[in-house]
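Colleague: Protein sequences, first through last, are from chains B and G. Each residue of the first sequence is one higher than the last, beginning at 1 in the numbering used here. Each residue of the second sequence is one higher than the last, beginning at 218 in the numbering used here.
Mixed in with the good hints, there may be bad ones.
Not the full set, but computed from the structure, chain B residues with beta-carbon under 7 Å of chain G [as the list claims (entries may be wrong)]: (1) Gly-82; (2) Pro-86; (3) Ala-87; (4) Leu-125; (5) Asn-126; (6) Leu-127; (7) Phe-130; (8) Gln-131; (9) Ile-136; (10) Gln-140; (11) Ala-148; (12) Glu-152; (13) Glu-210.
By construction, these hints were calculated from the structure, which means they are not laboratory data. Just so it is clear, the structure is predicted and the values come from calculations on it, not from any experiment. Cβ coordinates follow ideal geometry from the N, Cα and C atoms, glycine included.
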Amino acid sequence: MENYIQYVIDSSVFILKGSVLTIQLYFVTILFSIPLGISLALMKISKFKSLRIAIGFYTWVFRGTPLLLQLFFCYYGLSIFGINLPAFTAAALTFTINYSAYLTEIYRAGIESVDKGQYEASKALNLNYFQTMKRIILPQVVRRTIPATCNEAITLVKDTALVVVIGMGDLLRSAKELFSRDFAITPFAIAAVVYLLMTSVIVYFFRKIEIKYSIYE
Amino acid sequence: MKMIQARNLYKSFGTHRVLDNVNFEVNIGEVVVIIGPSGSGKSTLLRCFNGLEEIDSGVITIEGESFAHKDPEKKDKISSKEKKEIAGKLGMVFQHFNLFPHKTVLENIIEAPITVSGLKKNEAISMAEALLEKVGLSDKMNSFPSKISGGQKQRVAIARALGMKPDIMLFDEPTSSLDPELVGEVQKVIIDLAREKMTMLIVTHEMRFAEEVADRIIFMDEGKIIADEKPDKIFNNPEHPRIKTFIDKITMRQSNRQE
Chain B
1 MENYIQYVID SSVFILKGSV LTIQLYFVTI LFSIPLGISL ALMKISKFKS LRIAIGFYTW
61 VFRGTPLLLQ LFFCYYGLSI FGINLPAFTA AALTFTINYS AYLTEIYRAG IESVDKGQYE
121 ASKALNLNYF QTMKRIILPQ VVRRTIPATC NEAITLVKDT ALVVVIGMGD LLRSAKELFS
181 RDFAITPFAI AAVVYLLMTS VIVYFFRKIE IKYSIYE
Chain G
218 MKMIQARNLY KSFGTHRVLD NVNFEVNIGE VVVIIGPSGS GKSTLLRCFN GLEEIDSGVI
278 TIEGESFAHK DPEKKDKISS KEKKEIAGKL GMVFQHFNLF PHKTVLENII EAPITVSGLK
338 KNEAISMAEA LLEKVGLSDK MNSFPSKISG GQKQRVAIAR ALGMKPDIML FDEPTSSLDP
398 ELVGEVQKVI IDLAREKMTM LIVTHEMRFA EEVADRIIFM DEGKIIADEK PDKIFNNPEH
458 PRIKTFIDKI TMRQSNRQE
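My request is simple: use the sequences and hints to build the entire structure.
Modeller: This is how it looks when you write it as structure tokens:
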């Protein structure tokens with residue numbers, strides 16, 4: 001029994017070390033894809049038709065093909081053209097572009113759901129476009145899109161496991177290594193617990209923001 | 218001096234002509250009420266004055282400066298900066314209030330004075346407090362719009378518009394979406410403004426209110442102004458049979474409702 005506890009602790013430490021990379025990738029992706037998603041959403045509803053078409057094409061491609069394929073393309077595919085990205089860069093880039101595509105559509109729908117009276121009132125008060133967006137429209141959009149953004153944030157935790165295919169050592173890969181070495185199911189159970197912990201923290205965090213933003217309802 | 222001058226305004230939505238050669242003016246300190254059947258172009262006319270709608274042709278002058286100048290021959294020569302400056306002289310109150318739901322009553326009022334006019338926060342707050350007292354809502358300062366009644370929302374919206382120190386106030390059916398028992402409190406605020414000689418242009422369906430507040434009444438039908446008279450003349454001795462039919466119909470409905 002004592003041996004087993006020691007085994008669980010050692011395995012956990014090993015797996016947690018692997019999860020550092022998962023967490024890094026996670027934060028880089030979230031940090032870039034949310035602002036990018038908001039900016040692209042604003043462009044997607046702008047009055048410039050070519051911009052709208054370009055961004056429509058982008059979300060069509062990145063939402064319509066597997067993330068795994070995009071990861072292959074960015075890491076292996078680009079090396080054919082002499083672009084050799086380090087694995088972490090390739091992964092962060094792919095995840096950011098992929099998640100931005102989803103978030104663009106979420107925020108676009110959120111912006112379009114704001115009553116046009118809000119724009120009219122802003123205009124009547126002489127607020128310009130940026131002031132209207134920043135101070136009036138986007139705060140309401142953020143509130144409305146918290147549940148959808150939270151879903152994306154949870155999915156991203158699990159999608160980070162895909163980096164195994166480009167040879168990166170993340171949480172899941174550490175668990176898999178232990179499994180291969182010991183032929184025991186415990187490492188997988190530990191990995192599951194770590195994923196659950198991470199998603200729970202995210203859900204808790206989003207719930208907090210939701211409560212903060214819901215005071216006006 | 219003329220506050221607003223409209224010359225030969227035309228506007229169509231598709232093939233439907235909503236403004237058909239509209240000409241009128243509003244003098245300083247004057248309250249002009251626009252009445253007429255639904256779809257007669259009243260709201261559109263109002264919205265053209267602060268740029269929420271664009272006219273197809275005609276000239277709008279606000280305090281002597283041309284705001285919208287559309288001549289089929291000439292290009293629109295007014296820069297958007299000038300347009301903004303002129304639009305800043307107008308405050309607007311909407312049928313559906315359009316308060317900012319994520320901001321408190323106070324924040325709704327101080328938003329534009331701080332962001333647009335560059336007022337200091339404490340100055341904006343003391344101004345907002347005075348405005349809230351004026352519309353009788355000092356106790357709702359920190360409430361969110363979702364927590365107050367329609368009549369209170371509309372009074373906040375009036376205070377918000379006044380916060381930009383407009384020379385002219387535009388009201389687009391300010392009481393149409395209110396429960397009947399809340400109409401009076403909003404009308405009272407507008408009547409108080411009229412007493413202070415605020416220049417106002419009001420679209421409404423409330424005939425008694427129109428009669429009480431207006432210096433002049435404009436009757437619109439199918440995009441045309443068919444009468445521009447003193448209230449007394451419009452209500453008691455209208456020239457046009459259509460005006461009489463409209464007023465009889467609407468006052469009958471309103472007195473039924475009040476009984």
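Colleague: Output the indices of the hints that this structure fails to meet, ascending.
Modeller: Going through the list in order, the structure violates hints 1, 2, 3, 7, 11, 12 and 13 and respects the others.
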